[in-house]
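**Student:** If you want the building blocks of each chain, they are given just below.
There are 2 protein chains.
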Amino acid sequence: MHVAKNTLPTPVIAHLEQHDLTVITEPGHLQMYAAGTKVIEIPSIRDVTAAAAALRTVLCKGPVDRLLHPFELGQSVAGYLRSLYGIPGMGFQTANVFTNKFAMKEAYKKAGLPSAPAHITYSPEGIGAAAQTLGWPVIVKPMLGGGSMDVHRLDGPESLRELLTAPEYESFRALTVPLVVEPFVEVLAEFHCDGIVIDGAIVFAEASEYLAPLLDCPPEFNGSFFLAAGDPLRASILTLHREAVRALDLRDGVTHMEFFRTPGGILAGEIACRPAGGAIPEAIEHAYGVDIWDAQLRIMLGEDPSVHPIRTEGCLVNYHLPVSPGRITGLTAVEDLQCIDNVVAARITKKVGDVIPPNYNSSYASGVVFVHVDDRSGVDDAVRRLADAFSIEVEPLSSTAKP
Amino acid sequence: MHVAKNTLPTPVIAHLEQHDLTVITEPGHLQMYAAGTKVIEIPSIRDVTAAAAALRTVLCKGPVDRLLHPFELGQSVAGYLRSLYGIPGMGFQTANVFTNKFAMKEAYKKAGLPSAPAHITYSPEGIGAAAQTLGWPVIVKPMLGGGSMDVHRLDGPESLRELLTAPEYESFRALTVPLVVEPFVEVLAEFHCDGIVIDGAIVFAEASEYLAPLLDCPPEFNGSFFLAAGDPLRASILTLHREAVRALDLRDGVTHMEFFRTPGGILAGEIACRPAGGAIPEAIEHAYGVDIWDAQLRIMLGEDPSVHPIRTEGCLVNYHLPVSPGRITGLTAVEDLQCIDNVVAARITKKVGDVIPPNYNSSYASGVVFVHVDDRSGVDDAVRRLADAFSIEVEPLSSTAKP
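Chains as they are written, first to last, in UniProt numbering: chain C, 1 to 403; chain R, 1 to 403.
If you are wondering where the hints come from, they were derived from the structure by calculation, not from laboratory data. Take the hints with a grain of salt, since some may be wrong.
You can't tell identical chains apart in this list, so a pair holds if it fits in one copy or across any two.
Using 30 Å as the maximum straight-line C-alpha spacing, the simulated BS3-like pairs for lysine-lysine come out as follows [said to hold, decoys possible]: (1) LYS110 x LYS61; (2) LYS109 x LYS61; (3) LYS38 x LYS350; (4) LYS38 x LYS5; (5) LYS110 x LYS350; (6) LYS38 x LYS61; (7) LYS109 x LYS350.
Bound conformation, chain C alone (with noise of 0.2 Å):
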C-alpha cells in the first residue's frame, strides 16, 4: 500500500520486486515499478472501504501473504485489512495507537510516562475551550497524520482566530480528522530514539540528541548525534522508548521516538513505528552497522531481519548542511567536506544553478555529512567546523523566476 508522493529506496523496490507484488496506490504516484508490477489504484490510501475493496480484487486470486505499508500514511489502514481478512503482520489495534495520537496519548497515560497533556476536539472551533483549559500557548495538530502537516502553535485567541479564518491555514480547516491540542510546553532540547522490536524484544534502540530543537530550527543547527553509551539522558531516554513500546503492545516493527526535556524534566513525545527521516536511517547504518529500512521491509515480509549492532565508541553526529533562498551560484565541493578531520562520509545533493524556494521546511539541505566525535562535549566543535567549512552563495529570483 503505498502513497502518491512518498517514494521508497530503490534497494527496498528491488526486495520487493523479488516477490509476487501487487501495489495499491494512489492515482498520480511517482514510484517506478519493474514491467509487470500489478497496480490497483484506489482515491485516497486512507479510503478504508475502497482499500478493503482493492485488496478483494486480490485476494480473489489466491492468498496474500504479507501486506506492506512502507509509509505512516496508511498504516492504519493496512492494520485494519491485515486483521480483518487474516493477515499476518501489526493489525489494527497496535497500527492505530502508533499513528492516532490521541489513542497513543491514553496508551502513555495509562503506562504512566511522562507526556504533555491533550486535548481531543472535533473542530477548529472547539480549540479553543480546550486552550481555555490548557493555558496558551498551545499546539494544535490532526489525531492522524503524517509528519509535521497541519501542526499549529497558537499563542491566544488572536492566532486561534487567524487559523479559523486566513487563507493560509484553508489546508488545517479543510482536515477531516479530530485534533488534539497540547499545552505548548519549553522544550531546552529535543531528542529522539530509533529502535527494532522483534517478538516484543528490543534488539536495537539507540538515543540522540538534535542539535536544536526542531521548531524553528535555525538552518544551521540541523542535525543529531547518537548519545554516547555512559550518558545517563541515554539511560532515561531507552528507559522511556521501552516502557512506550511495552505501552504500545509493539511485537515487531521499527520505531522513531521524540523526547523533549522541559524545566518539569523529560517528556515523551510521539513514537512511529517506521523508520526516521532525513539522514538518521544512514546515520545508525554509520554508527551501528544497521539497515533501519531494510529491518522495516524485512520485519514486513515476515523475514528475519538478523540485527547484529556494532559498537562503537564515540558518536556520530548527522549534520545537513543549510541551504538558502535563491539560486544557486557557489557551492563548496563535496571533496572539502571529505577530507575534514573525523568525516565519515559526506554527500552534497544541490547544485549551482538550482533554485531554493523562497518557503523549505527544517528538512530541506544542501547535503548531509556525518563526523564522528568522542562525547556530546566535543559536538558543538565539529558541527562550527563543518558550518565554517561549507559556504553555499545564492542571486535572488527575479519575480518571474521559477523554481
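We have chain C already, so just place chain R on it with the hints.
**Tutor:** Showing chain R alone in chain C's frame:
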C-alpha cells in the same frame, strides 16, 4: 449504529431516547424513533469510510460519549470507529474477533479450544480446493455475516457446481467477503451458552441444550432448555465458554456461544458478543431474573448492569410452537397452553387468517411456551405435552394469494 432490517425491543429504544441520541442507519430502516431524534443515513452500515464520515458530522457538534451497535452487523465497524476516535467501549480488535469467523477460529486455535478446522478462501472457486483438503461434505459461510445467512452445506463437487451456478444462490455469489470452509461434522447434540462479562469476569453464564440440532431442525423440536446445575455437560460448556471469553479477550459484553457434541467430543462453535436470538433472552429472564438485553445496553452505555442472577432449581424449557405453510384457519387458544402443568408463560404470535409463507427459516414460529421441568429427563415429556396440546390448521394458498 443501526441496520435497516432489524428493529430494537421497545424498552431498549425507550432507554436510548433518555439520552441525546443520533442514529446512523441504512436507508429504509424500519425503526420508529421519538420526534427530534437525529437520523443520518449511510448506504451500508458495513461501509467503514461512510460510517466514519457520518460519525464525524456528529463529533463536530460535540463529544460522543458512547457508540452503540445493537446488532452483530456493524459491530466491527463500530469497534473501528471507537478505536479511531477514542470513544470508550469495545475496540476494533475485540469486535473483529467476535464477528470475523476466521479471526475467531485463529484465536480458538491459539488458546487450544477444540473446534472444527477452518480454511479461508476468497472466491467461490476456491471452495473446491479447500473441500478436497478437508474432505466432503463441507460447510461454507461468509467470513463476516449475521446469523446463518449464506451458510451452505456442500456434499460434493456437484453441490458446489450448483452453488456456483443456480439462481437461488445468487446472494451467496454476490458476497464481497472471504469465505470460510469447514468440514461438516456429525452433530449428535447442539448447545448454547449465554453469558454476561463485566471487567473481564463472567458475572452470568448458563448452558442450554437445543431440543434438536439447528441445521434442518424439525419444526416441532425448535427450542432449548437450560442444563441443570449438576449436569456434567454444563460444567464442560461453562469451561469452554470461559476459555473462549479469555481467548477473545472480552472485557465487557454479552455473549452467545454455540457448541456441538460430535462423535469426537464437544467442539466450540461460534461465539457472538450480543444477546441470543429467538426466545432465549426471555427464557433467561424467566429462569434467572436476568435481563440480557438490558445488560447489553447498559454495558454499551458504560452504565452498571448490576446483574444478580437468581439460582433456581430444575430447568426451564423454551419451546417454539410450530408453524405450517398456508393460511391459518384454526389455532389453539393461548389459555389452553397457559393452564398446562408447570407452564411458566405462553405467547401465541399468529392468528387465524395469517399466512405462513412456503419457505420459512428455523426461527419462524407461532409463538413460544416456557415450561419448567426438574431435569433433562423431564424435557421430552414436557415437549410432547406441549406439541400435543397445540394445534394449527392451515388451508393451502391459492397461487394468487399474497403472503
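**Student:** Each of the hints needs a verdict: does it hold here or not?
**Tutor:** Going through the hints against the structure:
For the homomeric pair LYS110 and LYS61, the shortest alpha-carbon distance between copies (28 Å) is at most 30 Å, but the shortest distance inside one copy (43 Å) is not. In the homo-oligomer, the alpha carbons of LYS109 and LYS61 lie at most 30 Å apart only across protomers (26 Å), although the nearest pairing inside one protomer, at 44 Å, exceeds that limit. In this assembly of identical chains, the alpha carbons of LYS38 and LYS350 never lie at most 30 Å apart, being 34 Å within a copy and 58 Å across copies at closest. Taking the shortest Cα distances, LYS38 and LYS5 sit within 30 Å of each other inside one copy (19 Å), while across copies they are farther apart (39 Å).
Proximity of LYS110 to LYS350 under the C-alpha cut-off of 30 Å is found in neither arrangement, the shortest distances being 46 Å within a copy and 54 Å between copies. In the homo-oligomer, the alpha carbons of LYS38 and LYS61 lie at most 30 Å apart inside one protomer (12 Å), although the nearest pairing across protomers, at 43 Å, exceeds that limit. In this homomeric assembly, LYS109 and LYS350 never come within 30 Å of each other (Cα to Cα): the closest approach is 44 Å inside a single copy and 56 Å across copies.
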